[in-house]
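**Q** Okay, here's what each chain looks like letter by letter:
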Amino acid sequence: MNNIKQEMEKIEIPKELNNRVALGVQQAKEEKKREKRYPRWMLASIASVMILIGTGYALGGSNIVDATQSFISQLLGSKENFMQAFPNESKEEISYFERHLKIAKENLTEEEFNNYSQLIKEQTAIWSKIRQENREPDSKESRRLHQIKELQRSYTDKFKLIEVQQYASYPITKPTYIPEGYKKVGENFSIYHKGEEPVTSFDYSDGENVFWTEQLKINQTTDLESSFHFEKKDSYSLRGLKFEYGTSEELNKTGMKVIVPEKGYKIIMAADILSKEEMEKVLQSMIER
Amino acid sequence: MNNHNPFNKKSSKRDEQSFLKLFQQYQEDIYRIAFTYVKNQNDTLDVVQEVAYRSFKKIDTLKNPEYFKTWLIKITINCAIELVRKNKKVIPLKPEYEEFIGSEDEDVSLSITLQELLEQLSEDEKGIIILKFYQDYSFKEIADLLNIPLGTVKSVFYRALHKLRKKFKEDHVYE
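Chains as they are written, first to last, in our numbering: chain A, 1 to 289; chain B, 1001 to 1175.
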């Protein structure tokens, strides 16, 4: 027999326990909400993300497969080597990867591209071994794969806007006017559904309050947009463009939307405490006319 | 779209409440397990908060709800060890495990104090002893939970017992 149970019972349970548990759950809940607004499927880190999520997303426009087939082959010896490591990739994803490599080569210096290529080779070799042995990555491999992903990101960051632009029919723009005290804290380029175009978002914070923008094709929609009841609030025209101003009880934020029909996009913006005028200024700074 | 609307207030509120209810059933066990690693109230509360955070965040990845408790314990041990290492700022080297050749008999006896449990055992020994005696897991379950081979679980377990008994004897000699 043993007395460990009795001994363990001697550890006193503090009164704050309930609160701390609730706090942990609350934190997670906030983050989850936020992440749903920003799916992690980032175009820019496709080489690694594609591998993690396997199939599920695919892009149209695979007309470049033949012309650039050589990129994967050049890098990895043959397309088969790639397929061995990533057997579940669809045709679209492979063509997407081809295009990704092409853009990488065009936009990185020779040295950078060589380093980046080296990382992809290593990543492919690790996955290839795992697939051959029909197993999951062990902890050492997981760690290295994670490291590789981080290192890859330092290169893909250099050309991701250029890459994303290739998949968008509208011109992707960033705010040039930022309210005082705010800094960019995040950016995200996501394709929510197969066949759609990327939604571009930028997050800003002054350390306490946040605002963020989402730019997307007119006929698409996002969770952010649908969480505001724009139409019910205020709809008006400013310099010939349709603006809508609204609030979201759920998010406890104010929102603004502008539609730019001649360029085929709209921008949604949500903010904690910015004034209507400040929001208008941010949105207007994003609109190329 | 509406079915999956993440801003659906009612459903997310409900999820949160049922999660909390479930979590509360185990929170004292979680607290006590974490305490054996970090050994003070403040750090233990930090660990529990982190466990609540991580588990609620990842609850969708738990495929079998019947393993909820085991899954929470796993997260608890990981968080606690992380904190201990962060505080120490050194990463202890993994001990070389001797191949287990001991008895298969699981009905072993042990009499120790909380103090001994906290002070005498290494982190890997502690986890196994607690899971075995406090949570009544089998060796096989412990191996799965801690992600280490069954033989290792047993050899570490018997090493820990040996250590505690030796300590026990020593104490008696000097009494």
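These aren't lab readings, by the way, just hints derived from the structure by calculation.
Just to be clear, a hint being listed does not mean it is correct.
When the alpha-carbon atoms are kept at most 20 Å apart in a straight line, the in silico SDA-like pairs for lysine to any residue are as follows [claimed, not checked]:
1. A:Lys-10 - B:Arg-1054
2. A:Lys-15 - B:Asp-1136
3. A:Lys-79 - A:Ala-125
4. A:Lys-15 - B:Gln-1025
5. A:Lys-5 - B:Lys-1057
6. A:Lys-32 - B:Arg-1054
7. A:Lys-32 - B:Thr-1061
8. A:Lys-29 - B:Asp-1046
9. B:Lys-1039 - A:Met-8
10. A:Lys-10 - B:Gln-1027
11. A:Lys-140 - B:Ala-1143
12. A:Lys-15 - B:Asp-1029
13. B:Lys-1057 - A:Lys-10
14. A:Lys-140 - B:Asp-1144
15. B:Lys-1058 - A:Gln-27
16. B:Lys-1039 - A:Gln-27
17. A:Lys-15 - B:Gln-1041
18. A:Lys-10 - B:Gln-1115
19. A:Lys-29 - B:Leu-1022
20. B:Lys-1163 - A:Met-8
21. A:Lys-79 - A:Asn-114
22. B:Lys-1057 - A:Glu-80
23. A:Lys-15 - B:Gln-1027
24. B:Lys-1074 - A:Asp-138
25. B:Lys-1039 - A:Pro-14
26. A:Lys-32 - B:Asp-1060
27. B:Lys-1039 - B:Glu-1119
28. A:Lys-5 - B:Lys-1039
Stretches of chain B that chain A covers, calculated by requiring three or more beta carbons in the stretch to come under 8 Å of a beta carbon on chain A [said to hold, decoys possible]:
29. 1018-1028
30. 1126-1134
Everything numeric in this text was worked out from a predicted model, so none of it was measured.
Glycine is no exception: its CB is placed at the ideal position from the N, C-alpha and C atoms.
**Q** All hints are to be evaluated individually against the structure, with a verdict given for each.
**A** Structure-based check of each hint:
{"no.": "1", "hint": "A:Lys-10 - B:Arg-1054", "in the structure": "violated (27 Å)"}
{"no.": "2", "hint": "A:Lys-15 - B:Asp-1136", "in the structure": "violated (27 Å)"}
{"no.": "3", "hint": "A:Lys-79 - A:Ala-125", "in the structure": "holds (13 Å)"}
{"no.": "4", "hint": "A:Lys-15 - B:Gln-1025", "in the structure": "holds (15 Å)"}
{"no.": "5", "hint": "A:Lys-5 - B:Lys-1057", "in the structure": "violated (30 Å)"}
{"no.": "6", "hint": "A:Lys-32 - B:Arg-1054", "in the structure": "holds (11 Å)"}
{"no.": "7", "hint": "A:Lys-32 - B:Thr-1061", "in the structure": "holds (13 Å)"}
{"no.": "8", "hint": "A:Lys-29 - B:Asp-1046", "in the structure": "holds (17 Å)"}
{"no.": "9", "hint": "B:Lys-1039 - A:Met-8", "in the structure": "holds (12 Å)"}
{"no.": "10", "hint": "A:Lys-10 - B:Gln-1027", "in the structure": "holds (15 Å)"}
{"no.": "11", "hint": "A:Lys-140 - B:Ala-1143", "in the structure": "holds (19 Å)"}
{"no.": "12", "hint": "A:Lys-15 - B:Asp-1029", "in the structure": "holds (15 Å)"}
{"no.": "13", "hint": "B:Lys-1057 - A:Lys-10", "in the structure": "violated (31 Å)"}
{"no.": "14", "hint": "A:Lys-140 - B:Asp-1144", "in the structure": "holds (18 Å)"}
{"no.": "15", "hint": "B:Lys-1058 - A:Gln-27", "in the structure": "holds (13 Å)"}
{"no.": "16", "hint": "B:Lys-1039 - A:Gln-27", "in the structure": "violated (25 Å)"}
{"no.": "17", "hint": "A:Lys-15 - B:Gln-1041", "in the structure": "holds (11 Å)"}
{"no.": "18", "hint": "A:Lys-10 - B:Gln-1115", "in the structure": "holds (10 Å)"}
{"no.": "19", "hint": "A:Lys-29 - B:Leu-1022", "in the structure": "holds (16 Å)"}
{"no.": "20", "hint": "B:Lys-1163 - A:Met-8", "in the structure": "holds (19 Å)"}
{"no.": "21", "hint": "A:Lys-79 - A:Asn-114", "in the structure": "holds (19 Å)"}
{"no.": "22", "hint": "B:Lys-1057 - A:Glu-80", "in the structure": "violated (38 Å)"}
{"no.": "23", "hint": "A:Lys-15 - B:Gln-1027", "in the structure": "holds (12 Å)"}
{"no.": "24", "hint": "B:Lys-1074 - A:Asp-138", "in the structure": "holds (18 Å)"}
{"no.": "25", "hint": "B:Lys-1039 - A:Pro-14", "in the structure": "holds (13 Å)"}
{"no.": "26", "hint": "A:Lys-32 - B:Asp-1060", "in the structure": "holds (11 Å)"}
{"no.": "27", "hint": "B:Lys-1039 - B:Glu-1119", "in the structure": "holds (9 Å)"}
{"no.": "28", "hint": "A:Lys-5 - B:Lys-1039", "in the structure": "holds (17 Å)"}
{"no.": "29", "hint": "1018-1028", "in the structure": "holds (count 6)"}
{"no.": "30", "hint": "1126-1134", "in the structure": "holds (count 4)"}
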